[in-house]
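Take the sequences, apply the hints, and build the full model.
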Amino acid sequence: MSFWQTLTGSDLTREWQAFEARAAALPDDHRAAWEEIKARTAPHADFTGRNLTPILDGALGLLEETAADGQGVHEVLGDDIAGFCAALLGGERARTHRDRWREQLNDNVARKLARLGG
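Heads up: the sequence shown is residues -14 to 103, going by the numbering used here.
Derived from the structure by calculation, the hints contain no laboratory data.
A quick note: this is a predicted structure, and the numbers were derived from the prediction, not measured.
Wrong hints could be hidden among the right ones.
[As the list claims (entries may be wrong)] Mimicking EDC-like on lysine to aspartate or glutamate, the simulated pairs with C-alpha atoms at most 16 Å apart in a straight line are:
1. K97 <-> D84
2. K23 <-> E5
3. K23 <-> D54
4. K23 <-> D65
Structure follows, in structure tokens:
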């Protein structure tokens, strides 16, 4: 990946287009599960979304394999797609980037206040 691709995000655009092309070939229930997986993982994305690319690639691969085997989404993921996404992201209480940014801001403010007071 070149600096220009990183800067403009053109590599991500191509990857997302490839994901969507792969998802378009899935049966309806698998495609609906894909949309829900994308929606539930989005809050955990960093500024560019690069951190989710390998996770979503694996999830889409799982959906493709189960569709090829003739299995339904509920046979593989069950009724708890939210739980599946939480497991993919590191657990139910996985920190989002918003949480990390909030902690960083609070640390910076506390450090500045400590300098002023002491």
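Taking the hints in turn, this is what the structure says about them:
no. : hint        : in the structure
1   : K97 <-> D84 : violated, 20 Å
2   : K23 <-> E5  : holds, 11 Å
3   : K23 <-> D54 : violated, 23 Å
4   : K23 <-> D65 : holds, 15 Å
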